[in-house]
Structure formats: structure tokens, C-alpha cells
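Student: Got chain A; can you put chain B on it based on the hints?
2 protein chains.
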Amino acid sequence: MNSTELKVYLGERREVVEKALLTFLPEDESLGNIYKAMRYSLFAGGKRLRPILCMAGAEAVGGAPEKVLFCGCAMEMIHTYSLIHDDLPGLDDDDYRRGVLTNHKVFGEGMALLAGDGLLTQAMVLLTDPKAHQGQDPVRVLQASQIMMTAAGLMGMVGGQAADLEGEKQKPDLEKVQFIHTKKTGALLTAAILTGAVLGGGNEDQINTLREYGSRIGLAFQIADDLLDLMGDAEAMGKSTGADAAKGKMTYPAVMGLTQARQTGESLVEEAAQLARNLGAKAEPLEALALYIMERTH
Amino acid sequence: MNSTELKVYLGERREVVEKALLTFLPEDESLGNIYKAMRYSLFAGGKRLRPILCMAGAEAVGGAPEKVLFCGCAMEMIHTYSLIHDDLPGLDDDDYRRGVLTNHKVFGEGMALLAGDGLLTQAMVLLTDPKAHQGQDPVRVLQASQIMMTAAGLMGMVGGQAADLEGEKQKPDLEKVQFIHTKKTGALLTAAILTGAVLGGGNEDQINTLREYGSRIGLAFQIADDLLDLMGDAEAMGKSTGADAAKGKMTYPAVMGLTQARQTGESLVEEAAQLARNLGAKAEPLEALALYIMERTH
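Listed in order, the protein sequences are those of chains A and B.
Add 11 to the 1-based position in the first sequence for my numbering, that's all there is to it.
Add 11 to the 1-based position in the second sequence for my numbering, that's all there is to it.
There's no promise every hint is true.
Intra- or inter-copy, both count: the list cannot distinguish identical chains.
[Unchecked claim] Within a straight-line C-alpha distance of at most 20 Å, the following computed EDC-like cross-link-like pairs (lysine to aspartate or glutamate) qualify:
| id | residue 1 | residue 2 |
| --- | --- | --- |
| 1 | K180 | E120 |
| 2 | K18 | E38 |
| 3 | K116 | E177 |
| 4 | K116 | D103 |
Derived by calculation from the structure, the hints in this document are not laboratory data.
Bound-form chain A, shown alone (with noise of 0.2 Å):
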């Protein structure tokens, strides 16, 4: 799969995705601000990276992709409250999330906050939902559950933005840039695609496998971003640029400087690809996206 195929196969996985998102929290004038506040974030954008992540991990193994929309959408709930939270003015105190005024601008602060619980609440509602998951071994979809909750607590994204938001004090360096991004967002990204293998019928050798994936692709992705960060590249990120680095934040540039970190990024993706490649044909779509992680910066 080339970079141009691989567009293809994410614009139609992300047209896939936005309709399950549509049916699961469908318009409902009747439940008022909150879920209007929660509908605002969850459908404000974003390249649905994680429900598809869920789904090539299903692939990837011989599952249905389509079987696990549910978990994939249970994923993009929770990436959408965490940028809720992040943004919030006792976290980031940011006004914009990709080019629009995030949701405690709109909403207001209290609403955000309740907001963001929704969403992580109603996450774990999808992933529960005997309907959501018809068919399924209720054994797995439990181990599904463990392991993006898990992701999402202390052991991994909130224990993440905790080191982050007391490492604006700290002097940057390696060990807790690493710390901060494989828990703030590499924990997640290597969720979303254990929890598609889990519930696609993946082995243990496919799952260690893609676990060794999950986590060379989430600080790709960490080093990418922070790369585009440092470019100005502001199309791309959707924000304002050179923000992490105004804020003093740990980021990869800072720590190892530009060539290195572009160097490690590299090396990363190679690793994943190798990783997906031992998967077989499958796992081609996982392959090609680890490798246009570092594309983007180039």
C-alpha cells in the first residue's frame, strides 16, 4: 500500500467511523446542553485516527473491521474528553482546538468539565452495551475494557497529563519526555489497536506484536507532532504552532535536538513497519501508516 492508497484507505475508514459516531450519539434536542457540549467536541474534526487504528488491529489479526466500530467509536470518546479536560483553563487554558473555540469557550467552564466525564462515561456505556456488541466472546469484550481503561487511568493517559502538568516546572529531559508521551498519548494509541485485535480474535503472538507496534508508532506520532510543532507547519496541526515550545513543554526537539529527533522518529516507524510486515498481508494498511507518520514532516 503506497501513501496514496493509504489516503484512500483513510478517508474511507474515516467516512466509516463518522456515521458509527453519527448513530451513537445521535441529535437529541431533548438532552439539553450537556450533550450538546459533548456532540460540539466529538464532531469538531479530528482524523479519527484511533477507531481506525481499532479497526486495522481487527484486520490485522483476520477479524471484521466493521465489528469493532463500537469499540473504535468507545476510543474516539475518550481521545475527545481528554482534549476536552487538557483544554480546560486549570490544565492548557486553551481557546482553540482545531480552528474552533474549544468547548468551555462555548459552553462555558462547568459544562466542559461534565462534558468530558459524558464522553469518558458514555465510552465505557458503547463498550458495555450488549447491543454494541453482538456476537461478541463477553470474555473479550472484558479484556477490551481493561485494556482502554487502563490506557486512559493512571497507568497511562491521566498519569501522562499529571507528569506533563508538573514537568512545566521541570527542567526537560529524555527520560521524562518519554515518560509524559508514551503515557499521554502513546498509552491510548496502542489501545486502540490492542482492543481491535482482542475483539477481532487475535492470538497472544499478534497481540505482543502489535503492543511492540503500538508503542514505536505512539512516539512516532509524539515526535512527528512536535517536529510539525517546531516547523510553523500550522495548517497541519490545526493550531497555533511553536505553542509547546513557548509553554516550556517536554518535547523531543528540546531534549535531543532537531536531527536527532527526527532520526529516532525514522527509526521508530522502520521498527513498526517491520513489526506489521511479520504480520502478513493483513496488516499492510498498519504498515503504510506507521511509515507516513514520519511523511508528514519531511
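Tutor: Here is chain B on its own, set in the frame of chain A:
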């Protein structure tokens, strides 16, 4: 079971819950401030009513209470997360809770926000942990997760908190008060009983009876709390009193008067006690608990 016996029962159960919580969230310096913040609020006292109700729900259908402890503790984490977020400046902006500083007053706003997120996700990590629910039917574990997260989310607690937030600007009326409290506090109390009953092996009839029981004690608890707040019993409430009335919050006495609120509370606990009696001797604690709710206000 008279009220003296009930107090012994509640005391004993509370100790069991404290021990279990310490097992599920043990001290661990390596996990940093975020974990400290999560534990600060989880171990800041509290009656542990939800875990006790969860165990009593299992008992009432002939199940073993200690086998649902993990679920009761997950409930307590969800309850604690909701208190942390509720106290934040964006919502109630409270400095004290149960006589001690609120989470954000000790750890800062960002960390408190994340500590709430951490407890909510940790509840699901615990609920879906195969080590925690050894030997339980995975279908029933999923069912319990569904009940818990629905009660915690948009259709339950989050929805109720949002309505409460918006209600601050509106004139209180009975319909709104009922909507808010059924969702904000009632849903989670009922879910505590129901998850216990589901995991305890309850049948549909038993679960329906407990749902009716739960909805009644949920409202009665809120009425009793409103009355205690008005009566200014600072000791029983563990926080400054008259606070709700001062904020123009939706309370039962405010919309129906003191006498009518008290009568409604008494009717609800009588009905709840009768429903518990219908379940037989195993539900005696639930009967006694219902009757005790309004006793506190005498």
C-alpha cells in the same frame, strides 16, 4: 433489625470496605502526586454507603457480599470522582468537604481534575479486572459495568449535575428538583444496589424490586440531606450548612415546603421498606437502612 443493630452492621461493613479500598488503591510513592491526589479524596472519610448498598444488594438476592466488594469499591471511586469534580471552581467552587480542604485546594485545579478522571477510569479498571472478579460470570460483570456507567453518565449523574448547573439560573420547581436528584444522586445509589444484585446472581423479579427500592431511597436521601442542611446540623452533614439554600439551589423544602418535604420523605422510606420486606429476611438490612434515612432528621 433495629436502628442499633443497623449501626453495628453499617460499622462492620464500613471497616470491610475501608480494608478493601486500601487493597485496591494501596499507598505507592512511585506513582507521584496524581495518585496522592486520588487517595487523598478516596480516604477523606465518608460513610461508604454505596459499597455497603452494593453488598446488601448481593445479600438480598442470596449472593455473597464479599464477592461484590470489588464492584462496591469501584462505586465508591466513582462517587469520590464526582465529589472532586463537583467541588472544582468551574462547578460548586467549594473549599471544604467533610471538614477538610477539597482536592483542588490541596493539589491545585489541574491535578484535582485529573485525580477525578483517574478515579473514574480506575473504577472501570477494577470492575473489568479478571483478578478482581474471579469466578464471576463475565456476562454478569458486563451487565454490572453497563448499569454502573449508565448511572454515572449522561443518563444519570453527569446529566443530573448538568441540570443542577443550569438550574442555578432558574426558578426551582418540583419537576426540575426531582429530575436533578433522581439523576444526580439517585441513579448511582440505585446502581450500587443493582450491580450487587446482578453480580450476586439475582433474577429479574428481584432486580426489578430492588430498582423500585433504589429509586425511593435515592429521593429520600436527598430530601433528608436537604432537611438536614436547612436544620443546620453541621455535625451530621460534615460541611457548612444552609449552603444550598444560600446558593438558590434546587431543594425539596424550597419547592414543597418543610412539612410536605418531610411527609414525602417518610412515604418514600415506608414504600422502600415494604419492597425490601417482599424480598424476605435476606433484605432486612435494606429495610432497616430505608427506615433509618428519615430518622436522622427527627
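Student: None of the hints should be skipped; say for each whether it holds.
Tutor: Hints and how they fare:
1. K180 <-> E120: between (24 Å within a copy, 15 Å between copies)
2. K18 <-> E38: neither (29 Å within a copy, 48 Å between copies)
3. K116 <-> E177: For K116 and E177, the Cα distance is within 20 Å only across copies (16 Å; inside one copy 25 Å).
4. K116 <-> D103: both (13 Å within a copy, 19 Å between copies)
Hint compliance for this structure: hint 2 is the single one not met.
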